[in-house]
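Novice: Just need the whole structure built from these sequences, with the hints factored in.
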Amino acid sequence: MADSTGVRHAVARSQSSADTASGRPGRLPFVVSVLAAGVFLMGTTEFVVAGILPEIADGLGISVPDAGLMITVFALGMIVGTPTMAIVTLRLSRRLTLAVTLVVFAIGHLLVAVTSSFPVILGARFLTAVATGAFWAVAAVVAAQAAGPVRSSKALGIVLGGGMLANVIGVPLGAFAGQSIGWRGPFWVLAIVAALAAVVIYRQVPREPPAGAVPSVRAEVASLRDIRIWLVLAGAAIVCGSSLAVYSFISPLLTENAGLPAHAVPLVLVGYGLGAFVGSNLGGTLGATRPLTVLFSSATATLLVLAGLVVYSDDAGVTVVLIVLLGLFGMSTNPILIGMAVRYADRAPTLASALSTASFNAGTAVGSWLAALSLGAQNGAGGPLLVGTGIAALYFVPLGLLVRWQRGRRLAGASIR
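The opening position of the sequence shown corresponds to residue 1273 in the working numbering, with each subsequent residue numbered one higher.
One or more hints might be untrue.
[As the list claims (entries may be wrong)] Derived CB-CB ranges, DEER-like:
(1) L1364 / T1565: 35 to 43 angstroms
(2) D1586 / L1564: 31 to 39 angstroms
(3) A1534 / T1561: 40 to 48 angstroms
(4) A1494 / V1582: 42 to 50 angstroms
(5) I1453 / R1679: 36 to 44 angstroms
To be clear, the hints were calculated from the coordinates, so they are not data collected in a lab. Quick caveat, the model's predicted, so the values are computed rather than measured. Ideal Cβ positions, reconstructed from N, Cα and C, are used throughout, including at glycine.
Specialist: Structural data, given as structure tokens:
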């Protein structure tokens, strides 16, 4: 009980200081923007591979599906590393944790940039993913607590928007650089920028006030008994699995199915990124008041977009429009799902945030793996579309159960009154 009381007091102090720093209710603390910049780097490295898969395959002398393992292994690293690091770093300063993860991130990218061994590259991607997972988990908690309960969804929308902005700027620039100066170029840039960002993050993230007792692992795990948390985590895995099964192999989809030239791929990535950026921010804002309505609307729209891609992927114009819409709807639910998980596990916010990130990447790992298998089948570049559509249809199972649970609880409360 003492441990959980200490956590609640720490959260209350963080929220109080955030309200004071913000100056007025509608303004978020500056630290939210700083964390969004860090997430921008993480988002860039997670998805930059998708835009340069053919170049990586040619440079290393491997097949495109094998090169896609760089995405799958990264997702696996996030699955393993995010909850593990959330527990390991419970007793560490969150400011120090964020800075150290960026240093490890830089080292991982340096290894990818200098080696020609594909196993070493996969190992470096796994290491980078572990650091990325730790950063995401801690950054989400710091942002949510700094903003306070009323604005936590909006703050998470901004922070996750850094990852979406990576799709607008970082990933397309990485694809352009990879096509122009070689696929190793983006990894050199990310290594250098991450080292500089570690210094900035350490200076800008405020010191934490004394929080009394440090939460124990047992207390954190005990707070995850709420079935709603696991329904939210299932939804997180499914939403990323559906969208990123397609996005992971977007380059062959655009060049082989839609018939676009390779130099047009970065431009389409910009469109997807813009859609994802707008969707993440809209989702965070609208989801603050009607989360389940937004989740159901986005799930329906995502399923329809993927079904449209299955039918019209040989039409370049329609494909480009649908890819933009996939970013808009497919990524709009992420801040809502993380916010709900953190709220339901109020005594274990770091672990809940970590498990949310792990769930997103579990979906990415499974989705990209199944998409890679389908790419080698007779469906060719259209295979990932079928995989994504099938996964998207499963999204309504956890959402439906969550609505039913909420409705049952509401009726039970009314009968008691």
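Novice: Hints first: check each against the structure and report whether it holds.
Specialist: A quick look at each hint next to the structure:
no., hint, verdict
1, L1364 / T1565: 35 to 43 angstroms, "holds, 38 angstroms"
2, D1586 / L1564: 31 to 39 angstroms, "holds, 36 angstroms"
3, A1534 / T1561: 40 to 48 angstroms, "holds, 43 angstroms"
4, A1494 / V1582: 42 to 50 angstroms, "holds, 44 angstroms"
5, I1453 / R1679: 36 to 44 angstroms, "violated, 56 angstroms"
Hint 5 from the list above is the single one not met by this structure.
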